[in-house]
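*Asks:* Residue numbers (the working numbering), protein chains in the order written: chain A, 1 to 207; chain B, 1 to 101.
You may find that some hints are simply not true.
Ranges of calculated distance between the beta carbons of each label pair, as one might list FRET restraints [what the hints assert, rightly or not]:
#1 A:R18 <-> B:N91: 31 to 37 Å
#2 A:A174 <-> B:G56: 28 to 34 Å
#3 A:P37 <-> B:L39: 29 to 35 Å
#4 B:T77 <-> A:A181: 27 to 33 Å
If you're looking for bench data, these hints aren't it; they were derived computationally from the structure. Every value quoted in this text rests on a predicted model; they were computed, and no experiment measured them. The beta-carbon is built from N, C-alpha and C at its ideal position, and this holds for glycine as well.
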Amino acid sequence: MITLFAVTWRTDAQSLDRDGLAVLADGDLAMIVGPTPSTTSREDALAFGRVVERVASAVDVLPFRYGTTAADTEAARELLREHESSWAARLLQVEGCSELAIRAARPESDVEPAASGAEHLDRLVSRSRQLDIAEEEIGKLLTGRCRVVRRLAGHQELRLSCLVERHQVEVLRALVEEWAASQTELEVSVTGPWAPYSFVANEEEAG
Amino acid sequence: MNADVPRDELEPRRRARIEADSEQVERGLVQLVLTLVELLRQLMERQAIRRVEAGGLEDDQVEELGRTLMLLDEKMTELRDHFGLEPEDLNIDLGPLGRLL
Numbered sequence: 001m002i003t004l005f006a007v008t009w010r011t012d013a014q015s016l017d018r019d020g021l022a023v024l025a026d027g028d029l030a031m032i033v034g035p036t037p038s039t040t041s042r043e044d045a046l047a048f049g050r051v052v053e054r055v056a057s058a059v060d061v062l063p064f065r066y067g068t069t070a071a072d073t074e075a076a077r078e079l080l081r082e083h084e085s086s087w088a089a090r091l092l093q094v095e096g097c098s099e100l101a102i103r104a105a106r107p108e109s110d111v112e113p114a115a116s117g118a119e120h121l122d123r124l125v126s127r128s129r130q131l132d133i134a135e136e137e138i139g140k141l142l143t144g145r146c147r148v149v150r151r152l153a154g155h156q157e158l159r160l161s162c163l164v165e166r167h168q169v170e171v172l173r174a175l176v177e178e179w180a181a182s183q184t185e186l187e188v189s190v191t192g193p194w195a196p197y198s199f200v201a202n203e204e205e206a207g
Numbered sequence: 001m002n003a004d005v006p007r008d009e010l011e012p013r014r015r016a017r018i019e020a021d022s023e024q025v026e027r028g029l030v031q032l033v034l035t036l037v038e039l040l041r042q043l044m045e046r047q048a049i050r051r052v053e054a055g056g057l058e059d060d061q062v063e064e065l066g067r068t069l070m071l072l073d074e075k076m077t078e079l080r081d082h083f084g085l086e087p088e089d090l091n092i093d094l095g096p097l098g099r100l101l
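One chain only, chain A, in its complex shape:
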């Protein structure tokens, strides 16, 4: 059993510091793989993430999710052959980009229970509107600065994943953080740059 970390261009893979990883090349693509640990712990998941981020900081990648494995190297190569055209197209889409994640939500801790059903519902509606406004305002900041923006599933929170060219990452972070500083009722966080996990699948596939 081998763990699949990421797919990259065959030419880029040649320059990677392998450090315990193996590179399986087929056609124009290469897959970064490594041994599968015998356990599944939080530490294993973090170690997986560190490997992906290390590779992504050097070359363009399509990262796999933690826990993606193949029976052996031949099965992994078969995957590479099977998905070559779609993965190559996706790699072109994320070329030169990282992912920034933006989250906005109202803090829950200091909210007193509602005194009535109507008040509870009123709070839900108000929070929903507040997040819609936040999405619109953040959207204006992102326009022209992101290659793709996706709103991810989230309950009573706004979660945006932005595919950003690497030279724009800090510019965008500063803009969103400046906007966040003006928000009195929302907690906003901007994390990244990450490997483009949210942009591996088509939006239709991602739901």
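Chain A is fixed; fit chain B onto it per the hints.
*Replies:* Only chain B this time, still in chain A's reference frame:
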């Protein structure tokens, strides 16, 4: 599929599969059931928000709807506390489809 594998080599694997930690299995099952209940609760909340935004509800209907959602919210918190689960535990990673909630 395992026709070529000697029986001696199969036995340890079978044992490993059935020696599951029963507490972990129970917790996993509770987590799965509560995740589905939470999904339904959230869908009800969204539907309620849409109904309020669309207008046309009488005050007593708004009160009834809000109270139902409030009680559901409280019950879910109680159940989570009872089983030692955090809100973020009630989610399922659907791989390329993203997270359920």
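*Asks:* Against this structure, judge whether each hint is valid.
*Replies:* Verification of the hints:
1. A:R18 <-> B:N91: 31 to 37 Å: Cβ of R18 (chain A) to Cβ of N91 (chain B): about 34 Å, so the range 31 to 37 Å holds.
2. A:A174 <-> B:G56: 28 to 34 Å: violated (44 Å)
3. A:P37 <-> B:L39: 29 to 35 Å: Given range 29 to 35 Å: holds, Cβ gap about 31 Å.
4. B:T77 <-> A:A181: 27 to 33 Å: 32 Å Cβ-Cβ, so the 27 to 33 Å window holds.
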